[in-house]
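Student: With chain A's structure known, arrange chain B on it following the hints.
Order-wise, the sequence lines are chains A and B. The first sequence begins at 1 in the numbering used here and counts up by one. The second sequence begins at 1 in the numbering used here and counts up by one.
Check before you lean on any hint, since a few could be wrong.
The list treats identical chains as one, so a pair stands whether inside a single copy or across any two.
To be verified - Within a straight-line C-alpha distance of at most 16 Å, the following computed EDC-like cross-link-like pairs (lysine to aspartate or glutamate) qualify:
1. K189 <-> E155
2. K189 <-> D86
3. K74 <-> D86
4. K29 <-> E333
5. K182 <-> E214
6. K285 <-> E207
7. K59 <-> D42
8. K3 <-> E225
9. K3 <-> E257
In short, the hints are calculated from the structure, not lab data.
Protein chains: 2
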Amino acid sequence: MPKLSTRANKMPASPIRKLVPFAEAAKKKGKKVYHLNIGQPDIHSPQESIDAVRNYEEKVIEYSHSAGHESYRKGLAKYYQNIGIDVDHNEIMVTTGGSEAIVFAMLTCMNPGDEIIVPEPYYTNYSGFANQAGIEVVPITSKIEDGFALPPISEFEKVITNKTKAIIICNPNNPTGYLYSKEELYQLKDLVLKHDLYIFADEVYREFVYDGEEHFSAMKIEGLEQNVILFDSVSKRYSMCGVRTGALVTKNKEVYETAVKYGQARLSPPSLGQLAGEAALETPKSYFDSVYNEYINRRNFVIEELNKIEGVFAPMPKGAFYSIIQLPVNDSEHFCQWLLEDFDYQNETVMLAPASGFYATEGLGQNEARIAYVLKIDDLRNAVKIIEEALKVYPGRV
Amino acid sequence: MPKLSTRANKMPASPIRKLVPFAEAAKKKGKKVYHLNIGQPDIHSPQESIDAVRNYEEKVIEYSHSAGHESYRKGLAKYYQNIGIDVDHNEIMVTTGGSEAIVFAMLTCMNPGDEIIVPEPYYTNYSGFANQAGIEVVPITSKIEDGFALPPISEFEKVITNKTKAIIICNPNNPTGYLYSKEELYQLKDLVLKHDLYIFADEVYREFVYDGEEHFSAMKIEGLEQNVILFDSVSKRYSMCGVRTGALVTKNKEVYETAVKYGQARLSPPSLGQLAGEAALETPKSYFDSVYNEYINRRNFVIEELNKIEGVFAPMPKGAFYSIIQLPVNDSEHFCQWLLEDFDYQNETVMLAPASGFYATEGLGQNEARIAYVLKIDDLRNAVKIIEEALKVYPGRV
Numbered sequence: 001m002p003k004l005s006t007r008a009n010k011m012p013a014s015p016i017r018k019l020v021p022f023a024e025a026a027k028k029k030g031k032k033v034y035h036l037n038i039g040q041p042d043i044h045s046p047q048e049s050i051d052a053v054r055n056y057e058e059k060v061i062e063y064s065h066s067a068g069h070e071s072y073r074k075g076l077a078k079y080y081q082n083i084g085i086d087v088d089h090n091e092i093m094v095t096t097g098g099s100e101a102i103v104f105a106m107l108t109c110m111n112p113g114d115e116i117i118v119p120e121p122y123y124t125n126y127s128g129f130a131n132q133a134g135i136e137v138v139p140i141t142s143k144i145e146d147g148f149a150l151p152p153i154s155e156f157e158k159v160i161t162n163k164t165k166a167i168i169i170c171n172p173n174n175p176t177g178y179l180y181s182k183e184e185l186y187q188l189k190d191l192v193l194k195h196d197l198y199i200f201a202d203e204v205y206r207e208f209v210y211d212g213e214e215h216f217s218a219m220k221i222e223g224l225e226q227n228v229i230l231f232d233s234v235s236k237r238y239s240m241c242g243v244r245t246g247a248l249v250t251k252n253k254e255v256y257e258t259a260v261k262y263g264q265a266r267l268s269p270p271s272l273g274q275l276a277g278e279a280a281l282e283t284p285k286s287y288f289d290s291v292y293n294e295y296i297n298r299r300n301f302v303i304e305e306l307n308k309i310e311g312v313f314a315p316m317p318k319g320a321f322y323s324i325i326q327l328p329v330n331d332s333e334h335f336c337q338w339l340l341e342d343f344d345y346q347n348e349t350v351m352l353a354p355a356s357g358f359y360a361t362e363g364l365g366q367n368e369a370r371i372a373y374v375l376k377i378d379d380l381r382n383a384v385k386i387i388e389e390a391l392k393v394y395p396g397r398v
Numbered sequence: 001m002p003k004l005s006t007r008a009n010k011m012p013a014s015p016i017r018k019l020v021p022f023a024e025a026a027k028k029k030g031k032k033v034y035h036l037n038i039g040q041p042d043i044h045s046p047q048e049s050i051d052a053v054r055n056y057e058e059k060v061i062e063y064s065h066s067a068g069h070e071s072y073r074k075g076l077a078k079y080y081q082n083i084g085i086d087v088d089h090n091e092i093m094v095t096t097g098g099s100e101a102i103v104f105a106m107l108t109c110m111n112p113g114d115e116i117i118v119p120e121p122y123y124t125n126y127s128g129f130a131n132q133a134g135i136e137v138v139p140i141t142s143k144i145e146d147g148f149a150l151p152p153i154s155e156f157e158k159v160i161t162n163k164t165k166a167i168i169i170c171n172p173n174n175p176t177g178y179l180y181s182k183e184e185l186y187q188l189k190d191l192v193l194k195h196d197l198y199i200f201a202d203e204v205y206r207e208f209v210y211d212g213e214e215h216f217s218a219m220k221i222e223g224l225e226q227n228v229i230l231f232d233s234v235s236k237r238y239s240m241c242g243v244r245t246g247a248l249v250t251k252n253k254e255v256y257e258t259a260v261k262y263g264q265a266r267l268s269p270p271s272l273g274q275l276a277g278e279a280a281l282e283t284p285k286s287y288f289d290s291v292y293n294e295y296i297n298r299r300n301f302v303i304e305e306l307n308k309i310e311g312v313f314a315p316m317p318k319g320a321f322y323s324i325i326q327l328p329v330n331d332s333e334h335f336c337q338w339l340l341e342d343f344d345y346q347n348e349t350v351m352l353a354p355a356s357g358f359y360a361t362e363g364l365g366q367n368e369a370r371i372a373y374v375l376k377i378d379d380l381r382n383a384v385k386i387i388e389e390a391l392k393v394y395p396g397r398v
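Isolated chain A (complex conformation) (with noise of 0.2 Å):
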């Protein structure tokens, strides 16, 4: 029988999925499953983007041009501008979800071998990516006792070597919820310049941010505009994770025409996802004001509760829909298993993800979890309730 690829017996295994059969072990006997660990809202699609799909009338369904749609680009291109990014059409490559934007970017400048540097804890996804471009993510951490701000910029001097060529930013953070700060993307700029690197800027839960702050996207760096690639999604932004339809946008063309090459190779992104995406471009104002207000909500009620648990931190995120929260135990991993396997309180339980899974670092997170709060606040104060009463009477609390 011939053996699988080295580099495939290195693909990481999502830390999420390691306790899916946990989970469905614990539904099968009866328990209720809070799900706590996925960012799969229960938020309803827009009506315009149902709307578009029940009616449509095409008869055959064909490929799109490799870059998506002219007409949704146009339309992305109009999105961006309203919100200050810069961008035509032809700076804009529809893909197959964000994720294909990150491998193809990571294929365009990245040589097998070479580095990319991301804060960690981070979407563990990167890894995966990172694997298929057989390149290397390089860690640098940030801190739970920091509210996971961008780590000081001699920390990336530090890992910086010849072979570094990117640098990743998740902005809205996914898993920490942090929201990085213009000046913080300013800090960057001067170091992107001098080591001649890229910016992945990961902007998928742009909308997603509380407080009456403001998302200041890595495309509005003054200077660095052959430097930025911006990957985004209709996932989050319009609660469509299914339709796979993301984008990969830079004023770089080289970068643009290359990506493009890699997108040729596979034809063309789905065709009903874009139908969806274009139309999700008319979604009123009052589809976002309301998912804003049951985040905010959400976010505020569980953010505050959890904090009420004696032993659990929960910093307060500022966007995106996740919290990386600390726990009084010495392995969360063990801990979100145990909740599925052995603990229920009145026949319900909780899933989290364990925080170990989005650090690089080995032995970081282990005290930690990843909760989304992607459930009605009903569902949120079960789910926080049974947290609490299982800390109770968990056999390695600390």
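Tutor: Okay, now just chain B, sitting in the frame of chain A:
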């Protein structure tokens, strides 16, 4: 400004796409262009799929399982069982088009620098996927005078090295229309077992087989169950290229589970495309009968008419809807460009795909072009007439 990666600079541009600007310019001048260059059929998608899209009833367009909706995989398993391929739904991973299945298989089975053997001329995008996976495509030449049959096994033996990990076979073949026989596949079996290789079997044109011949799937080669990875797609079978719904099928559990890990990183294949794909499983036999009749008429017509032109040789394809034809020119790329730029017959012209782009060996295919007979008979008639008239006056005719 940071540089592109070396590999990105090596990413091949599609041989077809190079001519697109010339086709666009021709259309701007008011010329009608018959597209024999692309595989986008004009056949309607099944009404079952269109209806499924139009009756979409969910409120949230959610992620699916990373390996695809279970109900769809179960339906696909039945489809395969009905055609004699013994697989269950846990051996089927739904992918974003057949393209993604190929990339995931390369990543799973091959390390950077490893080699995959392919009979040329071959589907050009294999080279793009190989670039992404950092592997090398090693061609062995199949010949128009043999109707593009499988080259002798001795030719494979000549190029096998310790880096050879797989052979990829497209059956029925794009671009040649050749249908590999059961005997040819069993010849490969011995070779594959001897050298412990994988067979990557691209069978997306399975339903397009003519003249009473039967398609023999590589999945049916006895004793090769652990070596075969099947790539599939709904794009051509149901004429819905835009849904981006394919599959990776294998009885090798290690390969399957690892491919799913790559799938988990990108979260899920398109949900709406899966909806259309699942509905398409209910497509009545009458649909395929009428599609079959349409294609066989087109094939018979276009091949017969082309062979009437002096100096043109078009082997009769047994499957798919392509043929590589020989032209009395010494540089078909120039001829194809000239057709668009400098020629018209009654203000109409034809776009062909120069065959050199389908060969990896430098210098081959320069008097050949690929045609896709995806147009109505009347259009094919006009297209052939244009080619005939063009060859009368083409300055590079030999």
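Student: Decide, hint by hint, whether the structure agrees.
Tutor: Structure-based check of each hint:
1. In this assembly of identical chains, K189 and E155 lie within 16 Å of each other by CA distance solely inside one copy; the values are 15 Å within and 55 Å between copies.
2. Taking CA atoms no more than 16 Å apart as the test, K189 paired with D86 passes in neither setting, with 18 Å inside one copy and 56 Å between copies.
3. Only within a single protomer do K74 and D86 lie at most 16 Å apart by alpha-carbon distance; the minimum there is 13 Å, versus 47 Å between protomers.
4. In this assembly of identical chains, K29 and E333 lie within 16 Å of each other by CA distance neither inside one copy nor across copies; the values are 21 Å within and 66 Å between.
5. For the homomeric pair K182 and E214, the shortest alpha-carbon distance inside one copy (9 Å) is at most 16 Å, but the shortest distance between copies (64 Å) is not.
6. Taking identical chains as interchangeable, the C-alpha atoms of K285 and E207 lie at most 16 Å apart only when both belong to the same chain, with a minimum of 11 Å there against 48 Å between chains.
7. For the homomeric pair K59 and D42, the shortest alpha-carbon distance between copies (9 Å) is at most 16 Å, but the shortest distance inside one copy (32 Å) is not.
8. Proximity of K3 and E225 under a CA criterion of 16 Å is satisfied inter-copy only: 14 Å between copies versus 44 Å inside one chain copy.
9. In this assembly of identical chains, K3 and E257 lie within 16 Å of each other by CA distance solely across copies; the values are 13 Å between and 36 Å within a copy.
Hint compliance for this structure: hints 2 and 4 are broken, all remaining hints hold.
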